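There are 2 protein chains.
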Amino acid sequence: MEDPAAKPKGVVKHVLLAKFKDGVSQDQIAQLIKGYAKLVHLIEPMKAFHWGTDISIENLHQGFTHVFESTFESEEGIAEYVAHPAHVEFASIFVPSLEKIIVVDYKPVPVQL
Amino acid sequence: MEDPAAKPKGVVKHVLLAKFKDGVSQDQIAQLIKGYAKLVHLIEPMKAFHWGTDISIENLHQGFTHVFESTFESEEGIAEYVAHPAHVEFASIFVPSLEKIIVVDYKPVPVQL
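Top to bottom, those sequences are chains A and B.
Just so you know, the first sequence maps onto residues 1 to 113 in our numbering.
Just so you know, the second sequence maps onto residues 1001 to 1113 in our numbering.
In case anyone wonders, no lab produced these hints; they're calculated from the structure.
Just so it is clear, the structure is predicted and the values come from calculations on it, not from any experiment.
Note that CB positions come from ideal geometry on N, CA and C, so glycine has one too.
Certain hints may be false.
DMTMM-like mimics (lysine to aspartate or glutamate), calculated; alpha carbons at most 20 Å apart, straight line [what the hints assert, rightly or not]: (1) B:1100 <-> A:54; (2) A:13 <-> B:1069; (3) A:38 <-> A:89; (4) A:100 <-> B:1076; (5) B:1013 <-> B:1069; (6) B:1047 <-> B:1027; (7) B:1100 <-> A:80; (8) A:47 <-> B:1080; (9) A:13 <-> A:58; (10) A:19 <-> B:1058; (11) B:1013 <-> A:76; (12) B:1047 <-> B:1069; (13) A:34 <-> A:58; (14) B:1107 <-> A:58; (15) B:1107 <-> B:1058; (16) A:13 <-> B:1054; (17) A:13 <-> B:1058; (18) B:1107 <-> A:76; (19) B:1013 <-> A:58; (20) A:100 <-> B:1080; (21) B:1047 <-> A:89; (22) A:107 <-> A:76; (23) A:100 <-> B:1058.
Quick look at which bits of chain B chain A covers, simulated, 3 or more residues with Cβ under 8 Å [stated by the list, open to error]: (24) 1018-1029; (25) 1051-1065; (26) 1080-1090; (27) 1096-1104.
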């Protein structure tokens, strides 16, 4: 169903759900998203970044409007990211722009049925 | 950085964050995860399923402990999934076992810098 080669051993997904504060403009949001994406080029263990706006229809999004998904090579890679000066600087601008935030990290595992 | 072929046009990610109720045992959780995974074989537009437990270190997980990520071929595919009898039956068992739930759907887009 999926290419096993696309799931290297130890990959960790870092998922951030966000709701921006009312006063944050669409232009500001676009700049923040670019700033987030730039971290891929600045922090070595961060291997991929994607984002999207919520388009769910089940009304279980609890007010969250944006999803940011990044991929790391290992748990240690996430620890390095969290402590990296480029992340610390970005987070100091990004987090205060948010009304709500959730961050979860997980190692994606398929289920053997 | 990623194989573009792995992101077919229109793919939609369906991310569910969960915290199980205190009374739900590890065995029951394992059975519920298998039940979730089985939907891949029952609902045609559902193309992949992975899950994991939260291992984040930033303390922004807001009490959520499990992540379930499934991939659909389109927005219409998610609508078909939501309405599918197999999903409706599973959700009627799964959702009452949860203390907290968030569901977001998004089309993952990379950022051009």
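Status of each hint after checking the structure:
Proposed proximity of residue 1100 of chain B and residue 54 of chain A is supported: the alpha carbons are some 18 Å apart, at most 20 Å. The suggested pairing of residue 13 of chain A with residue 1069 of chain B holds, with an alpha-carbon distance near 10 Å, which does not exceed 20 Å. Of the supplied pair hints, the one linking residue 38 of chain A and residue 89 of chain A holds, its CA atoms being roughly 12 Å apart against a limit of 20 Å. Note on residue 100 of chain A and residue 1076 of chain B: the hinted pairing is violated, with a Cα-Cα distance of about 28 Å set against a maximum of 20 Å.
For the hint linking residue 1013 of chain B to residue 1069 of chain B, the alpha-carbon distance of about 7 Å falls within 20 Å, and the restraint holds. With a C-alpha separation of about 26 Å, the suggested pair residue 1047 of chain B and residue 1027 of chain B falls outside the 20 Å cut-off, and the hint is violated. With a C-alpha separation of about 30 Å, the suggested pair residue 1100 of chain B and residue 80 of chain A falls outside the 20 Å cut-off, and the hint is violated. Between residue 47 of chain A and residue 1080 of chain B, the direct Cα distance comes to roughly 33 Å. Violation of the 20 Å bound is thereby established for this hinted pair.
As the CA atoms of residue 13 of chain A and residue 58 of chain A are separated by approximately 24 Å, the hinted pair breaks the 20 Å bound. A distance of roughly 18 Å separates the Cα atoms of residue 19 of chain A and residue 1058 of chain B; the hinted pair therefore holds under the 20 Å criterion. Restraint check: the Cα-Cα separation between residue 1013 of chain B and residue 76 of chain A comes to about 26 Å, which exceeds 20 Å; the hinted pair is violated. Using a Cα cut-off of 20 Å, the hinted pair residue 1047 of chain B and residue 1069 of chain B holds, with the two alpha carbons roughly 11 Å apart.
A distance of roughly 29 Å separates the Cα atoms of residue 34 of chain A and residue 58 of chain A; the hinted pair therefore is violated under the 20 Å criterion. This hinted pair checks out: residue 1107 of chain B and residue 58 of chain A have alpha carbons roughly 16 Å apart, not beyond 20 Å. Between the alpha carbons of residue 1107 of chain B and residue 1058 of chain B the distance comes to roughly 26 Å, so the proposed pair goes past 20 Å and is violated. Taking the CA atoms of residue 13 of chain A and residue 1054 of chain B, the gap is about 10 Å. The hint holds against a cut of 20 Å.
Under the criterion of a C-alpha separation no larger than 20 Å, the hint pairing residue 13 of chain A with residue 1058 of chain B is consistent with the structure, at around 14 Å. A hinted pair counts as satisfied when its Cα atoms are at most 20 Å apart, and residue 1107 of chain B with residue 76 of chain A does not qualify at roughly 28 Å. Proposed proximity of residue 1013 of chain B and residue 58 of chain A is supported: the alpha carbons are some 14 Å apart, at most 20 Å. A hinted pair counts as satisfied when its Cα atoms are at most 20 Å apart, and residue 100 of chain A with residue 1080 of chain B does not qualify at roughly 30 Å.
About 38 Å separates the Cα atoms of residue 1047 of chain B and residue 89 of chain A, which puts this hinted pair outside 20 Å; it is violated. Proposed proximity of residue 107 of chain A and residue 76 of chain A is supported: the alpha carbons are some 12 Å apart, at most 20 Å. Taking the CA atoms of residue 100 of chain A and residue 1058 of chain B, the gap is about 15 Å. The hint holds against a cut of 20 Å. Check on the stretch 1018-1029 of chain B: 0 of its residues sit with their Cβ under 8 Å from a Cβ of chain A, so the three-residue criterion for coverage is violated.
Counting residues of the stretch 1051-1065 of chain B whose CB falls under 8 Å from any CB of chain A gives 12; the rule of at least 3 is met. A count of 1 residues in the stretch 1080-1090 of chain B with a Cβ less than 8 Å from any Cβ of chain A is obtained; the coverage claim is therefore unmet, three being the minimum. Taking a C-beta to C-beta cut-off of 8 Å, the stretch 1096-1104 of chain B contributes 4 residues in contact with chain A, enough for the three needed, and the coverage statement holds.
Checked against the numbered hints above, the structure breaks hints 4, 6, 7, 8, 9, 11, 13, 15, 18, 20, 21, 24 and 26 and satisfies the rest.
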